[in-house]
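Peer 1: Can you build the whole structure from these sequences, using the hints too?
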Amino acid sequence: MVVGDISTGTDLLVVGAGPGGYVAAIRAAQQGVDTTLVEADAYGGTCLNEGCIPSKAYITAADTAHGAANAEAMGVHADPAVDMARTRAWKDEVVDTLTGGVEKLCKANGVNLVEGRAEFASERKVRVAHQGEGQGSESVEFEHALIATGSRPVAAPFDFDGEHVLSSTGALALDAVPDRLLVVGAGYIGMELSTTFAKLGADVTVVELLDSALPAYEDDVSRVVRKRAEALGVEFRFGEAAESWQETPTGLRVVTADEDGEETEHAADLILQAVGRDPVTDTMNLEALGLETDEDGFIPTDDQCRTALDHVFAVGDVAGEPMLAHKASAEGEVAADVVAGEPAACDYQAIPAAVFTDPEIATVGMTADEATEAGFEPVVGQMPMNASGRALTLDDPEGFVRVVADGETEFVLGAQIVAPEASELVAEFALAIEMGAQLEDVASTVHTHPTLAEASMEAVMNARGEAVHTLNR
Amino acid sequence: MVVGDISTGTDLLVVGAGPGGYVAAIRAAQQGVDTTLVEADAYGGTCLNEGCIPSKAYITAADTAHGAANAEAMGVHADPAVDMARTRAWKDEVVDTLTGGVEKLCKANGVNLVEGRAEFASERKVRVAHQGEGQGSESVEFEHALIATGSRPVAAPFDFDGEHVLSSTGALALDAVPDRLLVVGAGYIGMELSTTFAKLGADVTVVELLDSALPAYEDDVSRVVRKRAEALGVEFRFGEAAESWQETPTGLRVVTADEDGEETEHAADLILQAVGRDPVTDTMNLEALGLETDEDGFIPTDDQCRTALDHVFAVGDVAGEPMLAHKASAEGEVAADVVAGEPAACDYQAIPAAVFTDPEIATVGMTADEATEAGFEPVVGQMPMNASGRALTLDDPEGFVRVVADGETEFVLGAQIVAPEASELVAEFALAIEMGAQLEDVASTVHTHPTLAEASMEAVMNARGEAVHTLNR
Amino acid sequence: GESDGEVSAKGGRVFAAPSARRLARELGVDIETVPGSGPGGRVTEGDVRAAAESGGEPAGTETAD
Ligand SMILES: Cc1cc2nc3c(=O)[nH]c(=O)nc-3n(C[C@H](O)[C@H](O)[C@H](O)COP(=O)(O)OP(=O)(O)OC[C@H]3O[C@@H](n4cnc5c(N)ncnc54)[C@H](O)[C@@H]3O)c2cc1C
Ligand SMILES: Cc1cc2nc3c(=O)[nH]c(=O)nc-3n(C[C@H](O)[C@H](O)[C@H](O)COP(=O)(O)OP(=O)(O)OC[C@H]3O[C@@H](n4cnc5c(N)ncnc54)[C@H](O)[C@@H]3O)c2cc1C
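Chains as they are written, first to last, in our numbering: chain W, 1 to 473; chain P, 474 to 946; chain X, 947 to 1011.
Treat each hint with caution, since some may be false.
[What the hints assert, rightly or not] Label pairs and their in silico Cβ distance ranges:
(1) W:E292 to P:A847: 54 to 64 Å
(2) W:T97 to P:D842: 43 to 53 Å
(3) P:T882 to W:T97: 32 to 42 Å
(4) W:G341 to P:N859: 26 to 36 Å
(5) P:P773 to W:D96: 55 to 65 Å
(6) P:A847 to W:E370: 39 to 49 Å
(7) W:D175 to P:N859: 19 to 29 Å
(8) X:S1000 to P:N859: 47 to 57 Å
(9) W:G341 to X:S1000: 18 to 28 Å
(10) P:R696 to W:G341: 41 to 51 Å
(11) P:R653 to W:A85: 37 to 47 Å
(12) P:N859 to W:T264: 41 to 51 Å
(13) P:Q777 to W:D220: 36 to 46 Å
[To be verified] Some but not every residue of chain P turned toward chain W, in silico, with C-beta under 10 Å:
(14) A541
(15) S896
(16) N945
Hints in this document: simulated from the structure, not taken from any laboratory.
All C-beta atoms in this analysis are idealised placements derived from N, C-alpha and C, irrespective of residue type, glycine included.
Peer 2: Structure representation (structure tokens):
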């Protein structure tokens, strides 16, 4: 047992073992860089422990139960019961498998793992306070540091009390479905969880300051998801700000106010507040490095993920939008390669994003408006899912695939998909964009029948005026 | 009402409105070619009426019921009942929607539709006998003809009697699940339907002459599907040929023989024979054209889908392997473009193929062996689905994604996928192959987390020795 | 930068495969200045190599906005 302060050295110190940090550490070690990874809490970070993975596990359980309960049209009669405690235990197993895998992969690649909270002591030195009584601490001197400390839920307007007001983390650890759930915020996390809990049987009300669900997306995209959520019984209260809450004998009373100050009361048993996430920059004594954050709290970096300090890098949620796991990992790879002396840079043309609602949303690259703003004269092609044979056989024919291309060169610029498996379908468009593919290239690629991906091909053909399964405009 | 023989003329006569014929007709009409499409039976052909679409509809119903019934691990408890008559009715609705859509699209694009059986009268003339009494017939003179008459189930070793021995067509129109189903043939149709009926509760025995399920696929690919089928209770009898069957008081008795002539008896309530499909060349009086078929019964064509006759084209199942709907449509587009005077040709590098078993299989391009044979020194990369976060959250972590590339140039040559949604995942690889993408291009494309498509990226990284989520070999 | 660089950098984007972009960095070529000979003006690996051989503009020379 290590007690007291010992001191070691490393080429690359990585702070935080989320998808940004652990990917960077493994990649650097693979490149022969002596790498030390410090994690204060759990391997895999937000993503594996309380983000992407837990949420998708619950979504699968909710879809399985809800899907079977609503399949009379196809001759399936079922009245499923969901045992949330068991669902949670399963989710925990999935998480443990993956976090255990991360730890094993780090070790197998030769990453030095240190458990504890890293605090910078100087520009080249960090102190790691080990968890638990009498575990002491450790100093590590480093040539390069990579900060991947991620983000945490914004605690506003309400504080999280772990009982009445939960963050997504709390909601993803419930052992029972609340009868009445009030969700503050209709961003992607709020919408994924609202849909999930509605499918699991909760009465869900969503309070959103802005005037639409998923306001980051185009209207016709988010509308498909909002309608489906409404069909599941989700009640939306747009243009209302959550103001206060209190306990009453019959549950919680939440007061909201519209922009004129008009108040409304909502009854609920539980509040899930999902209004955004803040970068974590207050856990590692950034001051000792002399690094500053920007007005949004992020650590500024260049296209090599380098901070204002030449030997310090930052990746993932702490380094700016989009706060997505795959963006964190992509940056982690670049930073590791740069440390290893490779001429790497974040020069990917597009970062796809998915929302795992019902149906899913996935986008990559530019919308038509963004293309116009960027100086293109975009052409657009679209395929409605109700003309997709595969979507019909899945009994899930809502939404569409849209592609945006440059009118002159027909280079693919972007895609907006709201459809079953949108998160998977977007991969083909991401590759098309990175490759500098033209519409014709995608149209000439033979697509398997019957698949949802055929809709991508049809959208592309539609943009060229040669769609077969829809009328060309 | 048209009675007697009237005569019209057309630029392009298309015989058969399956995915080969109707796509060709629409595309030709879009190009300004005066086009007449003759269909003897139902718009959409085998694919929409008794192939791809009906099978996938039943698979969805079976998956929904079976999925919910086997989700205790994730806390979902259900005991679904399937009302096959209702499932069939739903399947019929889906089919009607799609076949109605095909008819509408043909009309909207200005295709002349003629219902009836087309028989060639001469090199430039066809007679269409209308269905039904007193409906008369019609002669159509044409400049070009396109034959897209498809295929039908091989009636061997048994004849189809519509009661005891069914083809896939019969199996996809059942109103009840048979207790004991004996399937002859473990090709893709046999395996899709075996899996489906096993999930719906039938006791399924599969008799296959060769020594494995899905013998067209590599062993490690087909093994995943066979194991899963066995876990569903499917019993495989490899190396056995179906010889005879007879009715007994307790059902059917089917006799098989192995290569030594050793006989085995199997009890069943219904026989599904799925041993292959034969091209349909005997419905349209090919002789009048003077066209001959090759030794396998197909109409030989060149890379413009042109037959031995300059003005006659053939596409789809009748024109050769692979007998797949998307191959039929791709050829249909080419033939239409050629008729319209475009310099089109079937120059796609790869035709993907999918099997909708559990899990799905999808492949595109070359296997490692095929690449070696073709003179490449292939590198191979693989990602097991049990290392995929998305597969774990779907509770479906079996199978793998494999990529094959040229060792020297790293051009992507092929992919073999056995995994959930394999049919969708293969689209990205198909595009990579068509684009002449290198491994690096796919690896550098940011893939959404958490998705199954990340496994494709990981396989590619593995081939380059830089996988993060598996150990590189 | 060179004026022919703007052709391939339309809309702030260079149309080139990741492999070509990486090669440009390796060879120290600013890909935004490389004229593309591929379909639609896509910059190919060959274009990047040609630019490197003819002493193309070094990477890091930012084009002013
Ligand atoms: C409910 C939910 C669902 C989500 N779903 C998705 C999704 O589907 N797809 C997607 O792409 N993204 C999703 N996200 C976002 C995703 O989780 C984040 O973008 C991702 O985790 C960011 O990775 P990171 O490595 O930057 O940071 P994190 O994953 O937040 O990891 C940071 C790590 O740093 C550690 N740490 C912090 N300070 C210190 C210190 N001083 N010393 C040592 N360790 C420290 C933390 O303990 C943590 O483990 C979701 C998020 C939530 C909350
Ligand atoms: C159970 C099953 C599942 C399948 N699943 C898939 C799958 O998932 N994916 C896939 O790609 N493929 C699948 N297939 C194969 C697919 O259905 C065929 O490859 C496809 O239908 C071939 O299209 P086609 O246009 O060549 O011919 P067909 O679809 O067979 O159409 C031929 C048409 O020609 C008409 N016809 C014939 N003779 C005449 C005449 N003399 N006059 C007028 N009309 C005539 C017929 O009535 C028919 O409508 C499946 C097949 C089956 C049986």
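Peer 1: Checking each numbered hint in turn, tell me which of them this model violates, lowest number first.
Peer 2: Those not satisfied come down to hint 2.
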